[in-house]
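Top line first, the protein sequences correspond to chains B and R.
The first sequence: position 141 = 139 (the numbering used here), numbered continuously.
The second sequence: position 189 = 305 (the numbering used here), numbered continuously.
Take these hints with a grain of salt, some might be off.
What the hints assert, rightly or not - Pairs of lysine to any residue residues, derived as SDA-like cross-links and limited to a Cα-Cα distance of at most 20 Å, are as follows:
| # | chain 1 | residue 1 | chain 2 | residue 2 |
| --- | --- | --- | --- | --- |
| 1 | B | K93 | R | W266 |
| 2 | B | K93 | B | P122 |
| 3 | B | K93 | R | G256 |
| 4 | R | K342 | B | V125 |
| 5 | B | K93 | R | L265 |
| 6 | R | K342 | R | D241 |
| 7 | B | K93 | R | L258 |
| 8 | B | K93 | R | P257 |
Hint data in this document are derived by calculation from the structure and do not stem from the laboratory.
If you're wondering where the values come from, they're calculated on a predicted model, not measured in any experiment.
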Amino acid sequence: MLPLLLDQVSFAVNGKIIVDRISVEIGSGPRTVILGPNGAGKSVLMRLCHGLLRPSAGRIAWRGPNEGRGRQAMVFQRPVMLRRSAFSNVLYGLKLVGVSRAERELRAGDVLDAVGLSEVATRPARVLSGGEQQRLALARAWALNPEVLFLDEPTANLDPNATRDVETIISQIRAGGTKIVMTTHNLGQARRLGDEILFLSHGRLVERSPVEQFFRQPASAEAAAFIRGELPWT
Amino acid sequence: MNDLALAFKEAFNLIGHLEAELREIVTLSLEVSLTAVAAASVLGLPLGAALAVQRFRGRRGVIVVLNALMGLPPVVVGLFVYLMLSRAGPLGELGILFTPAAMVIAQTILITPILAALSRQVIEDAWEEYREQLRSLGAGPLTAALTLLWDTRFSLVTIVLAGFGRAAAEVGAVMIVGGNIDGVTRVMTTAIALETSKGDLPLALGLGIVLLSLVLALNAAAYWVKEAAQRRYG
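Chain R on its own, in the form it takes in the complex (with noise of 0.2 Å):
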């Protein structure tokens, strides 16, 4: 209990203090989570928004597919990434196995989809009300999509920020492919890994009370934004 004490006051010193381990560490997770997010933005949402207006042969296969896809296991994403990036791997050439660009990479990969599965769903559901009004003025689907990007826009905010949640804190994939080697790929979640396993617990709690805070801060102002948007907007 003493211990436990302790620990939060030294991890709450050490946020304090900013020490410069400690904002490298969050500074490298944000980096890499915030690329991630944007990288998982650009592919996701377009995709979201063309599932959600086009009707093709196999599309309620690719909907199954992509919904069990938000599911991936870190871990396993992490383990794809590094048979690609491994030396023997086809993109081994490029050579960023254990490097930030490698934790881009798997992140990316871990939450495009939970971004185009949710915003699918958000997106359909807008075209359902949209459709007949849209096709009346002589929208195509590029055209009706690229409308439904823009009107859910606010919806779409929360669904970025719900990937940006599980880029932050999963540790599996950024752990295999970029080794939390200190300095260079140690973020937030592989280091309270190491730090906890080290018996540190007050560098471990302080990152975990960062990372707590970061997420709570981000869900406040996405709901407040949608909140404020929908009285502006309707």
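So that you can see chain B by itself, here it is in the shape it has in the complex (with noise of 0.2 Å):
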């Protein structure tokens, strides 16, 4: 389905633009992490490229062999999970997508062990701690056995040590040959896991640069200011 091209896509809420003729082409292969403040549209980029927005202006598609939608899976900053069990939290995304039912067992099963949360298999999901849910939520992505993964800010809301495990499972899952494209406003983590920096300011897509290039010399004044630590927008 790669690469994913953008055509001048734009999204506005009641006037207000969110993201902005943003063109890009985005291919299988090097982590593609989406970085900017607050503000910058990077979600909603995301979510457009998802496919769970539609955009205001501008074309998306998807380029590659097996058009269309196809395998891809997002994990959001708050995990949404369902009022059963880790394993069948995992079992229902699997089922959503026609697996069959033995098969969806071992997946399961598969995918909770490789993030470590088979002793908790059986626990509600809900009553599972933040860095756990987010886990469970890599997992559920996981299994779908994605060609794409986005993540929307996948640690935002966890301590160290669960931001640690975190990273740990993207970058298996990775290994494993799916695309990951992810957003982050932390610089230590778009440099651990970001293989090029897609960089957002104002809705608009203001540089693309391979990861060391953006942090040794950023190519956008916009860009420079960010990694400094300057809010030039405040």
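Hints given; two lone chains; assemble the complex.
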């Protein structure tokens, strides 16, 4: 299904422009990190890519073989768990994409094992800790064996230990051949998990660079200011 | 005062011995109202779920009307069902006027809007929280509605019991379409009205006490179920 092509994509709500004429091609391969200050339009851009929002203008298309929405998954900043066991939460996602019952149980067991939640598989998902819930959300997405995984600030609400667990799992998913696209406003995380940076400011794509180059020598003044921790927009 | 004390004493006597007449009336009341609440649940809860997740023209109007119908006066429902089922009415052929079946129909009409309107509210609140996650996992409106019905099940129990309380406590509708025929369509509320007007206070009081106890016990059970479930499932 990759590459994903955005052509002059805009998104506005009640006349307020949130994403402003972004054109970009996101290919398989490098881990893409969408970086930018709060309110830059990162989350909205990701929702547009994932298909949760329709652009007000412009075009979004999957250009690779297996056209259409295909195998993609998304993990949200605040995971939404269904009122059932952790195990059943993973089964639910698999059932919706039509995986057979036997296969579902097998895969759910495997991913819960991989994210270290086998012990609590039968516990109700909503009583798990924040970190466990986010790992469960990753497991639910991972089980689908997606070609692309979108992650929206996956560690924004987590403590350092839980953050490390989540980053490890993301690297494992990536090692299985899944394309990673994530938003963050954490520079350290962008460095650790990213190969290329899409830098957004005020809804516009200001810069796209390999991660090393971005941090060493940002091409735009906004990015440079963001890296220095300055806030020119206040 | 003395009369009242005496009436209470006799009332408890009646309940204590569970006299045949009292037992018959209580049993019929429960049969009619439980059947009505079952039918209203089958109709009202899916309707509430559908209204919660589906967007269509005129949806607001439907919701306003539904909310207004929660306040349907039982006598008006009784009159309407009476007109439908009377010999000259469109459903007169059925010959079920003045039978428990007619009472079930009237109570079902009375409480279906209550279940639909209240469940719509609960499920729509849940939908706000679940929408992006469910759509991301590929759930269509039908799957989403079913998932939400199951995930809000503990709140729905309370709503169903509120419906039962309304059905068991109303007198106007069952009086009109049932006719309060001794041994056939006499239920607790119609018996209380009749016995009070006849001056047989002990039986009226006894029935009143049974009715109150039933409603109290049910609500206690509902509260307990919800509390326990929330502790367990979060």
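Inset, instruction - Sort out which numbered hints this structure fails and list those numbers smallest first. - result: The structure conflicts with no hint, since it agrees with every one listed earlier.
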